[in-house]
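Participant: So the chains spell out like this:
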Amino acid sequence: MATLQLKNLSKRYGKTVWGAKDINLSVDDKEFIVLLGPSGCGKTTTMRMIAGLEEVTQGIIYIDQKDVTFLPPRKRDISMVFQSYAVWPHLTVFDNIAFPLRLKKLNASEIDKRVKEVSDMTKIEDYLERYPRQLSGGQRQRVALARALVVNPKVFLMDEPLSNLDAKLRVKMRTEMKAIHKKTQATTVFVTHDQAEAMSMADRIVIMKEGSIVQMGTPDDVYFDCEDMFVAGFIGTPPTNFLTMEIARKEGQLKLVNKAFSFEPIAENRDILKGFSAPKVIMGVRPESMRVFTEKAPDAVFSREVLVTEPQGSHQIVAIELDDSIIKIVAPPFPKVKAGDIVHIGFEHDRLMFFDPETQKRIRKR
Amino acid sequence: MSEKDLKAKKTTKIIARTIFYLFIVFIAMVILLPIYFLLSISFMSDQEAYDWPIPLGLSFFSEFKIETVSQTNDYLISVYSKSQEKYVSLIQGSKIDEMSEFLNKKTNCKVTEEKLTQAIQDVHVLYEQNANEIDRISGEINSLEKQILTINQNIIKTKRSLSIVEGRESMEDMEKKLQIDLEKYESEKEQLELQIEIMNTALTPLNSTTFSVFKNLFANYITFFKVTRDSIPALMRSIQVALLTVLIALTIGGMSGYAFARFAFKGKNILKLSTLFVRMFPGIAIAMPMVIILAEMGFYDKPIGLSLVYSVGQIALTIWITASIFMGIPVELEEAAQVFGRTRIGAFIHITLPLALPGLAASAMYAFIGSWAETAQAIVLTQFNPTFPVVVYQTMVGAKGMVNLIAAGGVTMALPAVLFTILIRKYILQMWGGVKV
Numbered sequence: 222m223a224t225l226q227l228k229n230l231s232k233r234y235g236k237t238v239w240g241a242k243d244i245n246l247s248v249d250d251k252e253f254i255v256l257l258g259p260s261g262c263g264k265t266t267t268m269r270m271i272a273g274l275e276e277v278t279q280g281i282i283y284i285d286q287k288d289v290t291f292l293p294p295r296k297r298d299i300s301m302v303f304q305s306y307a308v309w310p311h312l313t314v315f316d317n318i319a320f321p322l323r324l325k326k327l328n329a330s331e332i333d334k335r336v337k338e339v340s341d342m343t344k345i346e347d348y349l350e351r352y353p354r355q356l357s358g359g360q361r362q363r364v365a366l367a368r369a370l371v372v373n374p375k376v377f378l379m380d381e382p383l384s385n386l387d388a389k390l391r392v393k394m395r396t397e398m399k400a401i402h403k404k405t406q407a408t409t410v411f412v413t414h415d416q417a418e419a420m421s422m423a424d425r426i427v428i429m430k431e432g433s434i435v436q437m438g439t440p441d442d443v444y445f446d447c448e449d450m451f452v453a454g455f456i457g458t459p460p461t462n463f464l465t466m467e468i469a470r471k472e473g474q475l476k477l478v479n480k481a482f483s484f485e486p487i488a489e490n491r492d493i494l495k496g497f498s499a500p501k502v503i504m505g506v507r508p509e510s511m512r513v514f515t516e517k518a519p520d521a522v523f524s525r526e527v528l529v530t531e532p533q534g535s536h537q538i539v540a541i542e543l544d545d546s547i548i549k550i551v552a553p554p555f556p557k558v559k560a561g562d563i564v565h566i567g568f569e570h571d572r573l574m575f576f577d578p579e580t581q582k583r584i585r586k587r
Numbered sequence: 008m009s010e011k012d013l014k015a016k017k018t019t020k021i022i023a024r025t026i027f028y029l030f031i032v033f034i035a036m037v038i039l040l041p042i043y044f045l046l047s048i049s050f051m052s053d054q055e056a057y058d059w060p061i062p063l064g065l066s067f068f069s070e071f072k073i074e075t076v077s078q079t080n081d082y083l084i085s086v087y088s089k090s091q092e093k094y095v096s097l098i099q100g101s102k103i104d105e106m107s108e109f110l111n112k113k114t115n116c117k118v119t120e121e122k123l124t125q126a127i128q129d130v131h132v133l134y135e136q137n138a139n140e141i142d143r144i145s146g147e148i149n150s151l152e153k154q155i156l157t158i159n160q161n162i163i164k165t166k167r168s169l170s171i172v173e174g175r176e177s178m179e180d181m182e183k184k185l186q187i188d189l190e191k192y193e194s195e196k197e198q199l200e201l202q203i204e205i206m207n208t209a210l211t212p213l214n215s216t217t218f219s220v221f222k223n224l225f226a227n228y229i230t231f232f233k234v235t236r237d238s239i240p241a242l243m244r245s246i247q248v249a250l251l252t253v254l255i256a257l258t259i260g261g262m263s264g265y266a267f268a269r270f271a272f273k274g275k276n277i278l279k280l281s282t283l284f285v286r287m288f289p290g291i292a293i294a295m296p297m298v299i300i301l302a303e304m305g306f307y308d309k310p311i312g313l314s315l316v317y318s319v320g321q322i323a324l325t326i327w328i329t330a331s332i333f334m335g336i337p338v339e340l341e342e343a344a345q346v347f348g349r350t351r352i353g354a355f356i357h358i359t360l361p362l363a364l365p366g367l368a369a370s371a372m373y374a375f376i377g378s379w380a381e382t383a384q385a386i387v388l389t390q391f392n393p394t395f396p397v398v399v400y401q402t403m404v405g406a407k408g409m410v411n412l413i414a415a416g417g418v419t420m421a422l423p424a425v426l427f428t429i430l431i432r433k434y435i436l437q438m439w440g441g442v443k444v
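Chains as they are written, first to last, in this note's numbering: chain U, 222 to 587; chain B, 8 to 444.
Calculated from the structure, these hints are not laboratory results.
Wrong hints could be hidden among the right ones.
[Claimed, not checked] For lysine-lysine, the following PhoX-like pairs were computed, each having C-alpha atoms within a straight-line distance of at most 25 Å:
1) B/K93 <-> B/K72
2) U/K236 <-> B/K166
3) B/K233 <-> B/K309
4) B/K117 <-> B/K102
5) U/K557 <-> U/K242
6) U/K236 <-> B/K93
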């Protein structure tokens, strides 16, 4: 297994369109990295450049400290799982999996052994003689996975491998792939637009937007410690609620004021805001960092009428209207809240995030 | 649902199915009947081909009758015509070798001299046995024929008088009488003719023998190749032209089809249209200027020159077919092959090409058939080395309407195309369902 480094990797389409711009990324040995972002953010372009399927405009790709920027895909010692599986329809499952091994000129018994090994691991040992058209989508996905596993690559690339599966199967495959990764310990780059997938599988998540990396970190980092408003809005369902607050400074005191309510931040937040001089700040609150009280409570900051509720079983989502925007709150399943009820809302103050309205960047303690 | 409804539904289903099968049968007839006619005509002898109505069933042997002709040393040979249901006389003569040759050519049956001599001997034996009887009957026939002659004269006379009398007033009685006379004469004549026929049938077993000879079904094909100027080299040239065209069209057209399918470039749509633009011009119009160009290149009157001209149209078609086929094959399949150890060209050869085979086979078939059977351009572009369709065409205009020979040429022309299609049928059939990925 090996490491992977990207140095200022850029891809330009035509004259002005940047598919990816100045990507700097360092993947450790055995690490499972997920490139996450909305469609068109350059994550697939980046992966294809690593694979050698896309020409690099600028920058360098190192695999195991070796510059592979201009090597053809077959010489990079990588393997890849494609979104559309890309299982060759005119070859049997066995031939599909054995394809890379045959090109490496391994002898037949060795090929048999290796194919058996990976087909056991991916649970397709019963279908080896079949053709791909006789398999279901999930089974084809497993074939593609087995084919990628069989070569023992330095870097394992996966391009939205689960996006063509149905929801239930996707969750199942997620767990299985994670188990396989644990077993094979392959350095993996995984591209997805599904944050649930990213959160559940990644050692580190790389969030991309418009061709650049926005934030890199563990799933907890990108969830609780967002670098900017894009990340906060992108990660999490429902997404982070954003409230524009005025900062009222009076005799060393600091108060956050809104049309509807005002409150004094806790000491920690006060320290953060002290270094910030603009009159307004955007406060980001995760839906589950808000508290819903049906009775008046000392922690409640303001009261509002419930617009709608969405019961989810394990929890309920309560939507209220504030400043012409909808705020969604994840509340425990009981007590049940109905539309039209008056609820009292409070914050978990240590989970609040503050953003600069101009740059949309996170305001941090100086 | 009630029982009545169920029954009604069943009935409509049966009706729908019947109509469907009728339609299928109709289509099959439309396709198969002309082919059957062509085939059966190509197996016919001259005598059969110019019989009317043309017998469309295949016959495997012919029946001949040989008889002596009175007052001469000649023999009359007739052949049984299925469409007229009687013996038709073919030749009268006494020289056995000449007659044998004539019969061979006319009926495609190998009537050997020995067989003829044998038949003649049989006739002689018969004749000698029944000489008296024959003399009697022929005498009777002769007298009957004389009677007919007199009646004929009477009929003519009556008709003439009738034409004078007709339409004149006060002569109605006369006209009526003449008409009655005419009817009487004609019925007499009919009776006499009937008698002669009876006599003749009585005479037949006495003075003639019949024998049947197997027909050589492929005589027309053999004759065709014998008669037409260098038709076997022409056949070879045609195959050469067709295969060369397939090769050129598939390599150039296939490669451009791949480019159209895989790459984005400026003017792609205009190029796509312009490839078809070529096909809008009639081949003959392109052939004229091509004579000069090919002559300058040194390719005039050579198979390679012809296939170059045919390729122009075929490449366009191939591009259209292959481009859509290649578009149907996901580029990921190639990319996967590249990742797993193939070069770009290797990925194309080992992954894309096998998947595109049905489309390539279909365009190969189009190119083969299109260039194999083409006549107009070939007439213009060849002189001393014509292709096979040109030879068939020349037979058609040159040989004074030898329908069966032309049919034989036509069938010969169809054969290689049919063979080629059968050879690649597996891929063509896949083409019906499109590419399955």
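Participant: Give me the numbers of the hints this structure contradicts, sorted from smallest to largest.
Facilitator: Violated: hints 2, 5 and 6.
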